[in-house]
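Engineer: So the protein lines, in turn, are chains A and D.
Just so we're aligned: 48 in our numbering is position 48 of the first sequence, and the numbers increase by one with no gaps anywhere.
Residues are numbered in our numbering as their position in the second sequence, beginning at 1, plus a constant of 112.
Bear in mind the hints are in silico, worked out from the structure with no lab data behind them.
No experiment lies behind these values; they were computed from the predicted model shown.
Every residue, glycine too, gets a C-beta built ideally from N, C-alpha and C.
Hints should not be assumed to be uniformly reliable.
[Stated by the list, open to error] If you anchor each label on the Cβ, the simulated ranges turn out as follows:
1) N27/A <-> E214/D: 13 to 21 Å
2) S170/D <-> T45/A: 21 to 29 Å
3) P120/D <-> Q81/A: 27 to 35 Å
4) A114/D <-> Y39/A: 16 to 24 Å
5) Y122/D <-> I53/A: 41 to 49 Å
6) E180/D <-> G16/A: 46 to 54 Å
7) A132/D <-> H76/A: 24 to 32 Å
8) K54/A <-> Q171/D: 26 to 34 Å
9) K190/D <-> I53/A: 39 to 47 Å
10) L11/A <-> L151/D: 25 to 33 Å
11) P79/A <-> K190/D: 44 to 52 Å
12) H76/A <-> D175/D: 38 to 46 Å
13) Q81/A <-> A117/D: 26 to 34 Å
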Amino acid sequence: DQQVKQNSPSLSVQEGRISILNCDYTNSMFDYFLWYKKYPAEGPTFLISISSIKDKNEDGRFTVFLNKSAKHLSLHIVPSQPGDSAVYFCAASSNSGYALNFGKGTSLLVTP
Amino acid sequence: EAGVAQSPRYKIIEKRQSVAFWCNPISGHATLYWYQQILGQGPKLLIQFQNNGVVDDSQLPKDRFSAERLKGVDSTLKIQPAKLEDSAVYLCASSRPQTFGEQYFGPGTRLTVT
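Bound conformation, chain A alone (with noise of 0.2 Å):
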């Protein structure tokens, strides 16, 4: 079953404009989340995390927003660049394991 859920498969954005990633998961024993940026024929990369302790967790263009209560997190990338054009995955795990489960990502496309 998929614990990590990002339900929006695609999603464009005009340059300088806000994009905003969402992702809701399902187990209350996760407590940190991360966000990973993947290119074709590449590894995903580490962008952003926030633990559960925190609402918020800022770093240059890159928020990440958790609501505990909704078992959802956000990620606000302002302003979009074209270079943002990837596949985001939201990825969480717990002080149990510390494997990341995986939601199957959103592709971003930011326009000039």
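Start from chain A and add chain D according to the hints.
Structural biologist: Chain D in isolation, oriented as in the chain A frame:
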């Protein structure tokens, strides 16, 4: 620092044949993971090593898949015999011991089983 190395990058085999993938993690990373990513899906953990010991192999199809990490550094993942549904990208990742999440991935091996 050098990243996670994997080889080969691409492999095409016929069903019922065997295949092996190799991974060299980042120096000093004690934890090593093998993931399987089927087209359109997110990566799924197959096996996790801590040094040369197995931490989690609950999702490894043990009737056909095997993995080892001798000397706690390099690792190999083997499939024998391969099935059509094994067509996927096999990703190796490594991380520092007992750290949350931040895993470093190699470029993957794309396996096609015909």
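Engineer: When you take the CB atoms of P79/A and K190/D, is the distance between them in 44 to 52 Å?
Structural biologist: holds, 46 Å
Engineer: Range first: 41 to 49 Å. Now tell me if the beta carbons of Y122/D and I53/A are that far apart.
Structural biologist: holds, 43 Å
Engineer: Between N27/A and E214/D, does the C-beta distance stay in 13 to 21 Å?
Structural biologist: The hinted range 13 to 21 Å holds for N27/A and E214/D, with Cβ atoms some 20 Å apart.
Engineer: If you check the beta carbons of A132/D and H76/A, does the distance land in 24 to 32 Å?
Structural biologist: At roughly 42 Å between Cβ atoms, H76/A and A132/D fall outside 24 to 32 Å, so the hint is violated.
Engineer: Should the hint that S170/D and T45/A are 21 to 29 Å apart at their CB atoms be regarded as holding?
Structural biologist: The hinted range 21 to 29 Å holds for S170/D and T45/A, with Cβ atoms some 26 Å apart.
Engineer: How does the Cβ-Cβ distance of E180/D and G16/A compare with 46 to 54 Å: does it lie in that range?
Structural biologist: Since E180/D and G16/A have Cβ atoms about 50 Å apart, the given range 46 to 54 Å holds.
Engineer: For K54/A and Q171/D, compare the CB-CB distance with the range 26 to 34 Å and indicate the outcome.
Structural biologist: With Cβ atoms ~29 Å apart, the hint holds.
Engineer: Holds or violated: 27 to 35 Å for the Cβ distance of P120/D and Q81/A?
Structural biologist: Holds, since P120/D and Q81/A (Cβ atoms, about 33 Å apart) stay within the stated range.
Engineer: May I ask you to test the hint 39 to 47 Å on the CB atoms belonging to K190/D and I53/A?
Structural biologist: Cβ of K190/D to Cβ of I53/A: about 41 Å, so the range 39 to 47 Å holds.
Engineer: Is it true that H76/A and D175/D lie within 38 to 46 Å of each other by Cβ?
Structural biologist: Once the Cβ atoms are compared, 44 Å apart, the range 38 to 46 Å for D175/D and H76/A holds.
Engineer: Holds or violated: 16 to 24 Å for the Cβ distance of A114/D and Y39/A?
Structural biologist: holds, 19 Å
Engineer: Cβ-Cβ distance between Q81/A and A117/D: within 26 to 34 Å?
Structural biologist: holds, 30 Å
Of the hints listed earlier, those the structure fails to meet are numbers 7, 10, in rising order.
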